[in-house]
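Residue numbers (this note's numbering), protein chains in the order written: chain H, 1 to 204; chain P, 1 to 105; chain G, 1 to 517; chain V, 1 to 409; chain Z, 1 to 591.
Simulated from the structure, these hints should not be mistaken for laboratory data. Quick caveat, the model's predicted, so the values are computed rather than measured. Glycine included, each C-beta is placed from N, C-alpha and C at the ideal position. Among these hints, one or two may not hold up.
Which bits of chain P does chain G cover? Going by a derived footprint, with three or more residues having C-beta under 8 Å, they are [to be verified]:
hint	segment
1	27-40
2	74-87
Taking lysine-lysine and the DSBU-like style, the derived pairs with C-alpha atoms no more than 30 Å apart in a straight line are [what the hints assert, rightly or not]:
hint	chain 1	residue 1	chain 2	residue 2
3	Z	K444	Z	K374
4	H	K169	V	K167
5	V	K167	H	K24
A few chain H positions that, by computed beta-carbon distances, are all more than 10 Å from chain G [to be verified]:
hint	residue
6	T3
7	F4
8	V5
9	V8
10	A11
11	I12
12	L14
13	V45
14	I59
15	G76
16	G90
17	R92
18	I96
19	T118
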Amino acid sequence: METFVFFVAAAICLAGALGVVLSKNPVHSALSLVGTLFGVAVLFVAQNANFLAAVQVIIYAGAIVVLFLFVIMLLGVDRAENLSVDPLVGQRAAAIVAGVAIFALPVAALATTGWDATGAIANLGSVSDSAVPDVEGIGRVLFTRYIFALEITSILLAIAVVGAVMLAKKSPKAADMIVDLPARPTSTDADAASADATSEEGTA
Amino acid sequence: MLLAAGVEPSWYLVLASALFAIGATGLLVRRNPLVMFMCVELMLNAVTLTFVTFSRMLDDIGGQAVVVFVLVVAAAEVVVGLGIIVAIMRRRPDATADDLALLKG
Amino acid sequence: MHALLANLTAPLQAADEAFDPIPTPEIEWFTIVPLLVLVGAALGLMTLTAITRRPLFGGFYPLATSVAAIGAAVCTWPIWDRIQDPERGPFTALAGAIGVDGFSVFMTVVICSSVVVAALLADGYLKREGLDGPELYVLLLLSASGGVVMAAANDLIVLFLGLEILSLAVYTLAAMHLRRVTSQEAGIKYFVLGSFASAFLLYGIALTYGATGSTNLVEILSYLTQVALFDNGLLLAGMAMLLVGLLFKVAAAPFHAWTPDVYQGAPSPVVAYMASGVKAAGFAGLIRVLYLGFQTYRVDWQPVIYAVAILTLLVGALMAVVQTDVKRMLAYSSINHAGFVLVAVQAATERGVQASMFYLASYTFLVGGSFAIITIVGRTGDDRHSLDDYRGLAKARPALALVFALLLFSQAGVPFTSGFFAKFYAIAAAVDAGSYPLAAVAMLTAVIAAFLYLRITVSMFLGDVDDADIPERRTLPVPVGAAIALVICVVVTLGVGIFPHVLTGPAGDATAVLVGF
Amino acid sequence: MIGAIYALDPLYLDGVGLAEVLITLGKVLVTFLILLLSVLFMVWFERKVIADMQNRVGPNRAGPFGLLQTLADGLKLIVKEDLIPNRSRRFVFALAPFLSVIPAFLVFAVVPLGGTFSEGDPGIVTIAGHETFAQLADPPIGVLWILAVSSIGVYGVMLAGWSSGSKYPLLGSVRATAQMVSYEAAMGLSIATLIMTTGSLSTRTMVSVQAGEGFAGFVPNWNVILTGIVPFAIFFIAALAETNRPPFDLVEAEQELVGGFHTEYSSIRFGMFFVAEFMHPVTMSAVIVTLWFGGPAGPLLPGFLEPVSGVFWLVAKVFVFLYIFVLIRGTLPRFRYDQLMDLGWKVLIPLQLGWLLLLAALNVGRDEGWNYAVVIGIGFFVVGGATFFLLSRASEVSRQRRELGEVDA
Amino acid sequence: MLAANLAFPLLTAAILVPLAGALLIALVPATRREVIRPLAVLFSATTGAFTLWMLGAFDRSDAGFQFATSHTWIEEFGIGWNLGVDGISLFLVVLTGVLFPLTFVAVTPKHDPKAYYAWLLMLQAGCIGAFSALDLFLFFIFFEIVLVPMYFLIGGWGYGQRVYAALKFFLFTMFGSALMLVGIVSLAFLDRDAALERSEVASEELAGLQESIDVREVSGVDVPQEEYDRLDELTASVEGADQLTFDLVEIAEGRAEALAADQAAIDAGEMEARDSWNPLDWEAAKWIFLAFALAFAVKVPLFPLHTWLPDAHTQAPTAGSVILAGVMLKLGTYGFVRFGLYLFPDASLFFAPVIATLGVIGIIYGAVVATMQKDIKRLVAYSSVAHLGFIALGTFAMTTQGIGGGVLQMVNHGISTGALFLLLGMLYERRHTYDIAAMSGLQKATPVLAGVFTLVMLSSIGLPGLNGFVGEFLVLAGAYLTLKWWAVVAAAGVILAALYLLWAYQRVFHGEPTEEDLATPDMRIGELAYMAPLLVLIVFLGVYPKPVLERIEPSVAALVSHIEGATDFEEPAAATSGFSGTTADDHGEGE
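Please construct the entire structure, taking both the sequences and the accompanying hints into account.
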């Protein structure tokens with residue numbers, strides 16, 4: 001059963017990941033990302049991390065990717081990208097080599113340890129103990145060991161709010177812009193959409 | 001029965017590292033800042049999967065607790081990142097990472 | 001069956017009674033007072049802006065920011081006092097999340113000073129550019145709080161969160177000049193690459209967690225000292241990933257590519273903060289991880305840092321020389337400086353930590369002052385940064401040119417300035433650890449980098465001046481804030497250059513504790 | 001993994017055999033059918049009630065009281081020509097209706113449909129000698145499931161609008177997205193108060209807790225009372241917005257956006273949106289009842305009705321809310337977009353946040369033995385008052401700035 | 001004679017006074033421009049007076065460091081404000097003290113007098129500091145800091161290619177000294193390591209002694225006082241062992257001791273001599289010496305590293321050239337003596353042939369290239385390369401005569417080349433060119449200038465009876481004993497020097513003057529006045545060098561015996577004969 005779940009979810013994950021990278025259209029990339037997110041959520045459930053699975057879906061699928069799509073639509077930047085041109089000669093090949101290396105490093109590391117973690121066992125509370133639901137276990141850890149970390153995430157959120165507000169300030173007039181680059185053609189469609197949506201900025 | 005388990009936890013780790021590598025490669029290959037950013041999310045997902053798997057292997061709930069932080073950070077990153085992307089793309093809707101080569105010298 | 005049913009109903013009964021309260025750990029409030037001051041000031045500032053139509057008086061925001069930063073620095077005094085008490089010494093607080101030791105206190109003060117300098121610069125800059133924005137000050141303070149967290153982080157997760165707090169604010173700040181396309185490009189570039197690096201850092205944390213079973217540095221250390229890991233691939237991979245993430249933040253080669261672009265595009269006062277505060281915090285994190293968590297694995301990380309240091313030194317120096325934009329020059333030079341700090345870090349000794357602390361502290365003022373001048377010379381639009389824009393500055397604004405020359409010479413390592421001692425201590429640390437070739441390479445790159453500083457001085461002092469250009473330059477306004485920042489930077493640079501023990505003393509007192517943790 | 005499955009339902013305690021699989025499939029089927037039927041009913045109900053309010057007759061041709069009108073409409077939709085606009089993104093265009101309708105079904109999976117909850121009974125029913133819960137599944141994170149699935153619902157709307165390749169649907173979906181994401185925050189916060197008071201994320205446990213003895217013997221122990229009504233009110237408003245029900249139906253504001261995100265849809269694809277749209281009030285009512293009004297819990301019915309008393313109470317309570325939904329639709333005018341956003345961000349979220357903190361303070365006060373009156377006094381009047389002052393002052397200042405045109409950076 | 005150990009810190013004052021002057025001048029308001037020059041002269045002359053006072057108060061019989069001051073600066077590293085002069089550095093300090101005010105009087109800047117004088121005063125402070133520093137770190141600091149004022153002087157007040165020349169000057173010298181810093185630090189740490197090693201032995205003894213004393217104390221047996229003293233002594237040495245020091249004397253003497261012990265072991269056949277030329281076999285000292293040598297070689301400059309010098313000299317303003325040639329080049333040769341021979345007798349001996357070879361190449365090469373110059377200032381610059389080659393040769397001959405001659409030659413070169421550059425400055429002022437071909441027959445129009453020029457030039461050539469001769473002769477005589485063939489080749493350089501200088505003289509001052517030449521004004525009285533002290537010195541030192549030599553000799557002799565003690569080097573008997581006249585009775589015939 002778990003084997004089956006694993007392989008299906010893993011296939012979804014990998015397909016989604018490849019979709020993100022290979023889709024020409026950013027919307028398709030975003031949708032592929034959702035696929036991966038669900039796959040990962042399923043893998044969480046398969047490993048008894050129910051709470052995280054739910055949170056993963058709520059935060060990632062429900063908020064993050066939605067925001068992505070929102071931005072794509074708001075800006076009208078869903079233009080397909082021409083992937084057949086290597087922007088920098090050899091960059092793509094180099095990136096793939098780097099990718100393989102990045103994949104190989106942890107796998108090789110795991111191989112040396114006999115495909116097993118080497119760390120100390122059950123430091124902060126057991127996962128397999130079904131008497132304590134994972135939500136409670138996580139809660140306990142968050143409010144004891146990670147209490148400081150938990151508190152400082154508030155700073156992070158404050159920064160996100162302040163930063164977003166600052167960046168979303170009304171766009172200056174085009175004449176005011178200091179643009180030191182050649183003019184580019186702009187799509188009228190996208191302009192119309194973004195002009196109307198500008199006032200909705202603050203809510204993003 | 002169907003529930004007979006035959007999955008090695010390390011498979012999850014290998015899967016996670018594959019996801020991570022795909023994300024990293026994608027970030028290096030793609031030029032669209034939005035897609036690059038999605039690749040970062042892929043990488044973060046790979047990390048959360050790794051954490052959960054280790055949490056299971058070590059039978060330690062601490063690994064799962066960490067994932068909560070990763071999620072919060074991811075959310076905050078998205079807000080800021082999309083803020084910047086909106087700020088720039090509103091002015092130049094067709095910006096790609098190559099156009100950002102304005103800053104070369 | 002029935003036992004399980006009882007299990008299922010148990011929560012019902014539990015819900016009726018008072019919940020079993022979680023034994024929350026003791027919070028040593030006094031250890032996080034600096035952090036609270038910074039965050040509190042940021043929130044206060046934000047609230048105040050929301051409920052008042054205009055600032056209370058001109059220069060209120062920079063003043064408040066500086067006062068807050070200085071206040072935070074002052075608030076470290078009782079902590080320092082307690083740490084230096086030989087009977088009590090350093091300790092961990094907040095359930096082991098932060099390590100309260102001299103190092104963290106020292107770095108806190110360094111980060112706070114960089115905030116002061118940046119805030120003073122920002123005042124005139126914002127006015128000139130017609131940007132309004134208490135947000136800049138708020139984000140500056142919040143970002144600094146992240147740096148403070150990093151400096152004290154005793155847990156990889158806390159470190160990561162500190163790094164994100166630090167970085168996210170800076171990404172935004174880099175993109176804050178909404179009228180400059182380059183500013184936003186800098187922001188986006190910094191952001192994408194920065195989160196890329198964060199992901200690596202996080203993956204490193206995950207692997208380290210798998211290898212040691214904890215994210216707490218002290219626990220990692222004690223685990224690694226107790227358990228001999230024969231097959232430690234996981235740990236090494238984790239360490240490598242962690243290093244990638246942290247080295248990116250300090251702009252070490254080969255993870256430096258973002259630096260010149262971001263420095264060039266971002267608003268100059270923000271760059272001052274990036275080059276000083278952010279870098280200091282990044283190194284603080286690096287040192288904490290390497291010296292504390294992976295203390296026992298120094299044989300493994302030393303060669304890596306060695307190689308990275310050489311690469312960083314060379315890249316920084318060689319690339320700097322071919323630039324024509326002063327901001328880019330200083331960006332590469334900051335890479336070179338990062339290399340010097342790495343030289344000190346590589347030593348893996350107390351002297352090494354001390355040297356890097358000294359370096360970061362003095363560099364904070366050097367780079368702060370340098371960017372103060374760049375801010376001033378950049379003029380409205382913040383885009384006049386080519387070498388030509390500095391031509392004849394000595395004629396038009398002799399004091400400004402002289403101060404810039406002083407700061408540049410100090411960066412080059414000319415004696416009687418803080419920069420010289422910074423380099424000296426770094427070299428001494430490397431030599432003490434037996435890394436002679438590294439020390440030699442470092443000094444040679446210092447000479448190469450000196451060429452760059454000389455190029456700037458040349459165009460300020462010795463360049464052929466078009467007289468028609470001078471009157472315009474005479475009108476270069478120097479805002480009060482920037483002037484104060486410059487005075488501070490010059491005083492520190494010369495003061496430390498002549499009496500280095502004002503810094504080495506505290507640095508020495510501070511390190512004794514981190515390494516021997 | 002195995003433990004996780006067991007925790008879902010006592011049905012699987014003795015291992016999973018054919019009977020268990022059949023029972024589960026049966027439960028799935030029943031839930032699905034109930035929902036479909038309820039949609040048919042809901043459409044009729046809404047039309048009928050509104051017609052009554054407007055002194056009209058409403059549907060009255062097909063079947064008794066026009067009951068089969070919806071069925072006829074549905075059949076008509078199915079046989080109509082399926083139009084796919086040229087500029088649409090075909091794959092996503094086809095996908096969007098499913099994304100819209102499936103989440104609406106999924107929410108129902110964790111709603112307890114029956115079972116007895118009185119006297120500490122955990123709500124177990126017996127089917128063919130097997131003990132099980134009267135709900136499709138009871139994951140320990142049931143409440144999060146609701147949140148998660150409802151947040152997925154956005155995709156349908158969003159992608160439909162985008163893939164149509166047309167301006168009005170796009171604008172509609174952009175609006176919808178912002179609206180749904182915004183109100184989800186308020187909704188999540190109000191659910192947080194529930195979690196705090198009940199101490200569980202499982203919907204069944206929540207119902208059980210609410211089935212407990214209330215005050216003075218007759219006031220039920222419902223969450224709506226325990227949490228002080230405000231969170232419920234916020235939840236309810238957010239639920240209206242989440243489901244794009246009037247007065248929050250800007251997504252499909254005919255006067256501005258033609259049909260909103262589904263302008264370009266026709267035939268069965270449109271039918272699916274339609275189903276989803278009318279399923280939302282049903283599922284939302286069920287969720288509201290489960291979370292705030294004790295779900296199927298209630299006094300046992302006398303005699304042979306005893307086994308269905310849970311179902312009875314649930315249906316009764318849901319009916320009340322369905323009526324309220326329709327009532328609101330029939331009476332309230334639509335919000336303006338900025339009003340909508342202001343309400344969400346400047347009123348609901350701060351209020352809910354403050355309320356959550358107040359409840360938390362009370363909880364802490366209970367553990368520490370503080371005086372309730374003092375806690376409420378300080379929390380509500382001092383802190384709340386100060387916050388209110390600050391917020392109103394801030395919005396006043398920002399209004400002034402806007403008028404003076406100082407916003408331009 | 002005044003007591004050598006004055007309460008008044010003469011050296012510190014000689015450094016701080018010009019610095020204070022620089023600061024003061026920088027603060028002079030723009031409206032009071034006229035006070036700048038007098039102020040500069042005042043401060044600089046005060047410094048000169050201090051140095052002259054030192055000259056008077058110098059105890060000629062003392063070979064050690066006099067007027068020594070010592071203050072801790074950076075305790076952690078054992079860095080101190082340690083100053084002092086001995087016979088080797090005394091005259092260089094005096095030269096610095098005197099030459100500066102002379103140039104102040106002689107040359108006025110074209111523009112920005114404020115900055116000009118401030119930089120020059122800083123330069124003076126730096127040079128005096130470098131010549132008198134007895135702490136390696138302090139020396140390095142002064143060695144390095146002098147670059148900055150010079151850089152600005154060349155760049156700000158120089159001629160055509162000044163920016164290029166200034167950059168080249170700065171980077172070359174900094175490149176050299178960069179490695180020296182690594183060398184200095186390495187040396188200090190190696191010294192500490194050696195001390196720790198020694199202290200291990202001491203601590204073993206300490207432990208044993210302590211135990212035996214304890215045993216006796218417990219049993220009531222009397223312990224002799226000496227043992228207690230020894231205990232304290234050992235404790236002190238063990239405790240201070242991990243303290244770093246940058247003190248020159250301490251490190252040098254420590255090294256000498258260790259080297260002497262090694263040498264003894266080698267003599268006894270217990271150890272192999274380490275004189276392999278394979279770099280892989282080298283001990284640290286050789287590498288560190290190379291780091292030092294590189295810095296000094298750039299500064300001197302020795303042959304392949306000299307290319308910055310002609311540019312810097314040619315493009316520098318007159319004052320810059322005078323100071324550069326007169327004082328700053330000596331930093332290199334002085335460094336060789338003080339921080340090469342004294343600190344690394346072993347490595348110096350090892351590398352002596354190499355450096356001497358470079359010196360000799362410099363002599364010949366400088367002379368040949370000078371011959372071909374069209375620009376007279378460049379010619380003089382190349383002549384400096386040749387002259388300094390002599391000094392390097394003399395230094396690495398390691399004989400009393402060679403080193404002493406080198407030191408004397410440093411002073412001589414400072415005087416005569418300084419004077420030459422001053423004269424060239426006058427020429428330029430009159431003709432606005434340095435082009436040899438552009439002038440001819442000036443003798444007719446400017447007989448006094450020609451006369452003075454002749455004298456100075458002859459001194460530079462090394463005509464007997466003038467100062468240059470004494471130095472060159474001593475160097476050659478000293479070098480002949482240990483580096484025979486080098487000395488023979490170098491002697492040819494003397495002849496070449498005569499060739500290029502006389503030829504240049506002939507082209508400029510003889511021949512048919514054009515109208516322009518005839519209109520060239522002669523030297524003014526004022527110019528003659530400030531040239532006079534230099535001319536007097538040229539003649540005086542040529543006729544009666546004894547007062548200088550007798551002060552130099554004890555220190556040099558001590559240095560040579562220091563080398564002998566530390567290595568297997570033995571000074572040839574002929575060289576031990578004194579050369580300063582006064583001691584001729586004790587040592588037999590001198591020159």
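Going down the list of hints, with the structure as the test:
Coverage of a stretch by a chain is defined here by at least three residues with a beta carbon nearer than 8 Å to that chain's beta carbons; for the segment 27-40 of chain P and chain G the count is 5, and the condition holds. With 8 residues having a beta carbon nearer than 8 Å to a beta carbon of chain G, the segment 74-87 of chain P meets the requirement of three or more and the stated coverage holds. The suggested pairing of Z:K444 with Z:K374 holds, with an alpha-carbon distance near 22 Å, which does not exceed 30 Å. Only pairs whose Cα atoms come within 30 Å are accepted, and H:K169 paired with V:K167 is accepted, the gap being roughly 25 Å.
For a cut-off of 30 Å, the pair hint linking V:K167 to H:K24 stands: about 22 Å separates their Cα positions. Non-interface status of H:T3 relative to chain G is upheld: no Cβ of that chain comes within 10 Å, the nearest being about 22 Å off. Here H:F4 stays apart from chain G, with its beta-carbon at least about 26 Å from theirs, past the 10 Å limit. At roughly 22 Å from the closest C-beta of chain G, the C-beta of H:V5 stays outside 10 Å, upholding its exclusion from the interface.
With a closest Cβ-Cβ approach of about 24 Å to chain G, H:V8 is found to remain outside the 10 Å limit, as its non-interface label requires. With a least CB separation of 22 Å from chain G, H:A11 remains clear of the 10 Å interface cut-off, as annotated. Every Cβ of chain G is farther than 10 Å from the Cβ of H:I12; the closest lies at roughly 21 Å, confirming the non-interface assignment. No beta-carbon of chain G comes within 10 Å of the beta-carbon of H:L14; the shortest separation is about 17 Å.
With a least beta-carbon separation of about 19 Å from chain G, H:V45 lies farther than 10 Å from that chain, consistent with its non-interface assignment. No Cβ of chain G comes within 10 Å of the Cβ of H:I59; the nearest lies about 16 Å off, and the non-interface call holds. With a closest Cβ-Cβ approach of about 18 Å to chain G, H:G76 is found to remain outside the 10 Å limit, as its non-interface label requires. No Cβ of chain G approaches the Cβ of H:G90 within 10 Å, the least distance being about 16 Å, so the stated non-interface status holds.
The beta carbon of H:R92 sits about 17 Å from the closest Cβ of chain G, which is more than 10 Å, so the claim that it is off the interface holds. Distance check for H:I96 against chain G: the nearest CB is about 16 Å away, which clears 10 Å, and the non-interface claim stands. Some Cβ of chain G comes within 10 Å of the Cβ of H:T118; the nearest lies about 5 Å off, and the non-interface call is violated.
Going through the hint list in order, the structure does not satisfy hint 19, though it satisfies all others.
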